[in-house]
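Protein chains: 6
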Amino acid sequence: MTELVTFGETMALFAARRTGPLRFARDFDLGLGGAESNVAIGVARLGHRATWIGRVGADEFGDLIRATLAGEGVDVRALSDPDAPTGLMIKGRRTADLIDVRYYRKDSAGSRLTATDLDPGLIRSARVLHVSAITPALSASAREAVREAIAVARTAGVMVSLDVNYRKALWTPAEAGSWLRETVGDVDVLFATEAEGRLIADAAGAEALAKALAALGPKHVLVKFGAEGAMELSGGVVRRAAPYRVTEVDSVGAGDAFAAGWLADWLAGADPDRRLGTACAAGAFAVTSQGDWESLPRRADLTLLTHPADGVNR
Amino acid sequence: MTELVTFGETMALFAARRTGPLRFARDFDLGLGGAESNVAIGVARLGHRATWIGRVGADEFGDLIRATLAGEGVDVRALSDPDAPTGLMIKGRRTADLIDVRYYRKDSAGSRLTATDLDPGLIRSARVLHVSAITPALSASAREAVREAIAVARTAGVMVSLDVNYRKALWTPAEAGSWLRETVGDVDVLFATEAEGRLIADAAGAEALAKALAALGPKHVLVKFGAEGAMELSGGVVRRAAPYRVTEVDSVGAGDAFAAGWLADWLAGADPDRRLGTACAAGAFAVTSQGDWESLPRRADLTLLTHPADGVNR
Amino acid sequence: MTELVTFGETMALFAARRTGPLRFARDFDLGLGGAESNVAIGVARLGHRATWIGRVGADEFGDLIRATLAGEGVDVRALSDPDAPTGLMIKGRRTADLIDVRYYRKDSAGSRLTATDLDPGLIRSARVLHVSAITPALSASAREAVREAIAVARTAGVMVSLDVNYRKALWTPAEAGSWLRETVGDVDVLFATEAEGRLIADAAGAEALAKALAALGPKHVLVKFGAEGAMELSGGVVRRAAPYRVTEVDSVGAGDAFAAGWLADWLAGADPDRRLGTACAAGAFAVTSQGDWESLPRRADLTLLTHPADGVNR
Amino acid sequence: MTELVTFGETMALFAARRTGPLRFARDFDLGLGGAESNVAIGVARLGHRATWIGRVGADEFGDLIRATLAGEGVDVRALSDPDAPTGLMIKGRRTADLIDVRYYRKDSAGSRLTATDLDPGLIRSARVLHVSAITPALSASAREAVREAIAVARTAGVMVSLDVNYRKALWTPAEAGSWLRETVGDVDVLFATEAEGRLIADAAGAEALAKALAALGPKHVLVKFGAEGAMELSGGVVRRAAPYRVTEVDSVGAGDAFAAGWLADWLAGADPDRRLGTACAAGAFAVTSQGDWESLPRRADLTLLTHPADGVNR
Amino acid sequence: MTELVTFGETMALFAARRTGPLRFARDFDLGLGGAESNVAIGVARLGHRATWIGRVGADEFGDLIRATLAGEGVDVRALSDPDAPTGLMIKGRRTADLIDVRYYRKDSAGSRLTATDLDPGLIRSARVLHVSAITPALSASAREAVREAIAVARTAGVMVSLDVNYRKALWTPAEAGSWLRETVGDVDVLFATEAEGRLIADAAGAEALAKALAALGPKHVLVKFGAEGAMELSGGVVRRAAPYRVTEVDSVGAGDAFAAGWLADWLAGADPDRRLGTACAAGAFAVTSQGDWESLPRRADLTLLTHPADGVNR
Amino acid sequence: MTELVTFGETMALFAARRTGPLRFARDFDLGLGGAESNVAIGVARLGHRATWIGRVGADEFGDLIRATLAGEGVDVRALSDPDAPTGLMIKGRRTADLIDVRYYRKDSAGSRLTATDLDPGLIRSARVLHVSAITPALSASAREAVREAIAVARTAGVMVSLDVNYRKALWTPAEAGSWLRETVGDVDVLFATEAEGRLIADAAGAEALAKALAALGPKHVLVKFGAEGAMELSGGVVRRAAPYRVTEVDSVGAGDAFAAGWLADWLAGADPDRRLGTACAAGAFAVTSQGDWESLPRRADLTLLTHPADGVNR
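Chains as they are written, first to last, in full-length UniProt numbering: chain A, 1 to 314; chain B, 1 to 314; chain C, 1 to 314; chain D, 1 to 314; chain E, 1 to 314; chain F, 1 to 314.
Keep in mind the hints are simulated off the structure, nothing from the lab. Be aware that one or more of the hints could be misleading.
[Claimed, not checked] Quick look at which bits of chain E chain A covers, simulated, 3 or more residues with Cβ under 8 Å:
#1 18–32
#2 77–90
[Stated by the list, open to error] If you want a taste of the chain B side facing chain A, the calculated C-beta under 10 Å gives, among others:
#3 12
#4 27
#5 96
#6 97
#7 148
#8 168
#9 219
Beta carbons are placed, not taken as given, at the ideal position from N, Cα and C, and that holds for glycine.
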């Protein structure tokens, strides 16, 4: 029985091997990524059953997505869309610290997700429904799918988790803010950076922001500070976690990893301090290698970051 | 003063480094390609001034196209479209002999070309206008651009060259055939494979086909047999050229090279036998390396293929 | 419900990127391979449910094997052995035509397979049990596992398939011949090269050899001639299949592909001529790329080889 | 009409992909570099017309230089020398911080530049003439070319810019110092590191050094401190600019980028503070990727470094 | 005449090119490594004659080891073992700071070293015998070889050097400690990290530990603190050396380099302060590139680290 | 005691990884090559002691040459020239069959070889002196070195072997012919292609040519036909050898391998038929991989080519 259900668009990913303007990159690695499937992989790595639902093209990239997620132990419901190709991401690094991502996802298979692609019974049987605010920006049908999934989950008492994941290539801050404010009242767990939080509510300082967001509904508000750690407001209690020190290779996917870590520990019934620590550790692992999700940790890995001196294992 | 004007869509190209299903390809090279810009490069390499007109996105791939074509000595008129991205090609090889090309060009900058993007004065000042039947399949505005360009050229007495370049991903044989039959009467030089020729006219055997095509208007009909050479019907005379023997690495671009070789020698006033030989040699060079156009020959290279034993040049 | 059950050792595979002595190879790709899992993948690609059982180490290579086979749609029963590492293969090419494979599989997890690792109920529920004569050469316990699996299958009326797959690094021709002669009487389908067939029976010429082998029990005897095609003796009828013409990149895995093609078509109830053709086509695909199994065909691919001229698919 | 004219030697560049002694580097990328053409590219990227003049061999490397500079929008006057090859640079990294550059430029085409290769009319029509003190160290004829170009520029009131660019492989400090002291009186803008400045004048501290240099003629003295920023003395006013914080990949080309940034802003009529900031930003971009010039900024890029947190652009 | 004799196991090494879990590494470089041969190379690079003795398989990896060590100027006595393969190391990086090394060395050729493989006359003729505590953990015969070699050296007055090099994959701390305590009394120079030192003696703090170790016999005790430098206790005098600041790429081999630097300077008769500095510099160089030994310094390189600003050498 | 002495220039070699014009090659491998050191390696691989003498620069490339040749078991006398760099070769492939080699060897260390660099005692102690006609084209001093070496060998009764190895980049056919005709009378073994043979003597047909050459002095005349095999005229007897069938990757070095095979078998006292077969087999191996010498065979390899079907060795 699955514990977490998520859905969204997963794309083939061409990642440049070297830094500099993309047109000089020359060599690219083929992989894949998608905010929600990254979360599903992260939850599965940490020992919980996760299901990912989405549309892919009837093409090699769709097959790559299906095979990779299945290989990672995710329960994959990849619907094959005969009329649209799998979307693409091209990822470059203008400098080591300036990631540059381009999409070829307009009218892609993934963006054609509809409410009828989802399985209400599956959602009801899970303990968490996780969505991102990328999906409602993809198409009207995808937005409707998000709405219905949340409705099904709430009716069934399934916890609803939302990661803001603002994408300026898909909609404006005003459009995103409007949808988020409509939706946040139905959400139990909210993941956001400070800038993302301010799309929804206005408040000076991270703590005030978290409180303003919690006032709109979410029982758990997670504010992420990137390399500076994170903050959680749950049950009126504020917790802060210091970041792990790692050599950053590629920051894409860190937020998804953070959500996966938090949700996996919630599923595991971990205490709040440990849960926030796991979220931070997962985020730290995510930035240590180039892919969006490849370096996500297993339970046994979580201790590796605390004692780097023990790392040589020969 | 330019001698040849051409226009169409040029795309960024991700080419898989190894054979096998695309999802296992792992490593890709970034390059670019487009049937008409391949011809322009080929003509420029052989010593004639060529102009390429097209739309590209206001993005790194658009810059790559502009810089590369300019670097190759083509007179580039790359219009920057702020509202659409540069199109993409993904090229894999299912086996060494089965090229597998996927497009991400729907609503691309290149497909948004319009008649007003062209420069009638430039066309009138040239000696050849070269188009491919890819462009009319991209969009209504692009089709209109082809129609107008041909009209301008004919009025001005500029030779019109058309390469069929049938792309099944863009339109059906019936759609292509209909457009080609409408257009062929305004064409002076027609390049086609046997299968492509049969989209326009029906006849048993290559020679009968060539005659049937010539009866529709073109003064020069070139029928290409891939690794088996080519045939030309000009002024009622049939000429055949044997292929050069080369180790084929990637067949994409061979037809464009053939057209470039033929047109360059027409511009140079070469005699018909030599002109057909140059076309075949250019086609042979095109298949010897992975990119669509990188291995196109210069005049001095044309003799290299005849004496392979002399090739070690140290 | 699974249709084919197989088991054996699958290893991590370091494949040299260039030809020449292995010590100059410099660059290696990480992959995986195993005769039986190659067959399972091949059968799954052709649309039938296949289960692979085997031991892997509790290490990254074991995880790679598990994830990859699952991703390919094989029902994976990869037992994690805490006391032994996953075996390794190093594959080089002394020349383009001389494959050079080294093993690090002594006392590996895969070689520690035992009869109790198998699931008799699963074997009974399948339609085919496929084994190779690599497994009995790995260890006494593995040999016992093969013996018991065959016994279970025969009792339940499940068809038993055996591919000789002689490995000189594991045992001598005499040892192999002795085991094969003991076992062949319990086998329904036998796959062998001519040289392998002569480990079991002696006869001049391929056809006489096939008959001598059939006389020992197998209802279907398949004799493979590499790039020269194959022969089948079934029900007293000899069929020969011409090879497909492909550019060979790496011959390893061709025999496994052949078996997969044959078994998949047997499961599909195809007629014998088509079945042998499918076996040859699968073998042909296997040699077109570097990995042992990556290029195995799907049903839709099987037609690609017949019309190579149609291969450009853009 | 060109705004900046520069000339010098540009070479093909083999850059090692990994750190360590060059003999273990194994993999190399082919590119190109030259102090003056780096400046021309940098100025063109920032929106001003720049012309580069130089000799290249009648070989593939000469073609590479010509095509690349033209592709970058530089007005290229690459004279093809039939009697000498294009020079080479081999760039390794002994450690991440110790760049190791070797030349094969003795008697190269580039070193055979003569005064007659230059176009006095072109120099007179420009607003800036930029030279480096590499060129006078290449050959007697190249030294003469620098002398004459400066004379033409001064007579015509064209601003003369000189970057010291001391190369110990080409001449001794004494030789360089002698030439620099002869020349500095004819220079309007002088770019130097502290160590380079002391080849010309002696003074304790950077500010005193700048003043001593300015006393010799230059209206603008730029002293570069590498990762520590830079200082400008213009019209008796000293300005200091803090460095941008970037992850350094390859420091080669930073000085050329600095000069390009300064000169482009001088051409743009920017105020002195902004001009020095642009110089520093261009230098910062230059070190973020491996090539000497590939990562140079456009105007729109200049703001990227100030808000690194905004860098994720998906 | 050789100055230093050492022996042990050297293995082929597959090193992952990217960070992340090993199963996603994809690309590997082939090299080689072994603690004792690393020391021999390091000593040879610094100008002293070093002999390495060991068994390798009669295979390509054995040839690679022999050729590489000979090429590095080490006097190689690589015995070819026809019955066992050369051992393997697989080196990945879980994160940039977490090296992950796996062995395939059980029953390898190298582990089959015996006392009779050594040459007592050679040991007697040298000035230093260097061993590591890896060798006694490989096999009973290898342990016996170490014992006899030390006995020969002591009898002949040859200085005995021991690097603890604890490998948890080979034996437990208790097993290692027991052997080390038995052996340390016969040792003149002892190299250990703090944790390794505590396998032998118990004391709070590095200095107390060094004294406790020296009390067991060694005249020179070297305690290594990784990136924090090192400490030496010789003749009752404690010396500390600060680390060099370098960008770390791969920490494997740093300890071997340290030992090589120290022993080379001992052979050269350098004064103790310089000797410890050379050891630290060699260790610093070792971490600057990926291989275990490729970046080891020559005498002339030792000054490079002190003035990084001088590093650009073009 | 060495059996064969040879000398000449060995260079660092940058080899393009892909076919096509060199300026598009992008990725290069670093290696080394030199006609005479290739022969020395080939002879050493086949079991005979060979000495190579030459000058290299005091640089990384010189070290690479020294280490690699020593690693290959050649007795290396690489004189370090402080005043000149190691020469370079850049090797591209215009097509798979058209090798394109460029040199940077003018005034290189290798070209500065002098007669005094050689060791007459060493030559006298050997059984064969092998030279190529590249060396006399490098410089006057190198030409003098060849003259003196041959004189020493003849006086001492050491067999003199000469490979014509005509290099058009170094001298004209007339210059080469003049030197060859002066020298051939002092030569015992002559290696040449037909075209090279005609630089010395004129005759229609290969056999007549061989006889004309033998009439000038050489006891053994070897005429090489590339992929078509070879011919030997010794003691008035003509022998022809058919070529081995291999997939050609890079033809450079085939002639050197042929000479090495012949000379090694002469040293071994093999009968003439076998000797010519070994020469052909060595030549065949040389073309199977990219480097000039890496794939040269050992004795045990010589049988591999005869039974390609046995090549799978797992």
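Each hint tested on the structure:
no., hint, in the structure
1, 18–32, "holds (count 6)"
2, 77–90, "violated (count 1)"
3, 12, "holds, 9 Å"
4, 27, "holds, 7 Å"
5, 96, "violated, 17 Å"
6, 97, "violated, 18 Å"
7, 148, "violated, 28 Å"
8, 168, "violated, 15 Å"
9, 219, "violated, 41 Å"
The structure shown violates the earlier hints numbered 2, 5, 6, 7, 8, 9.
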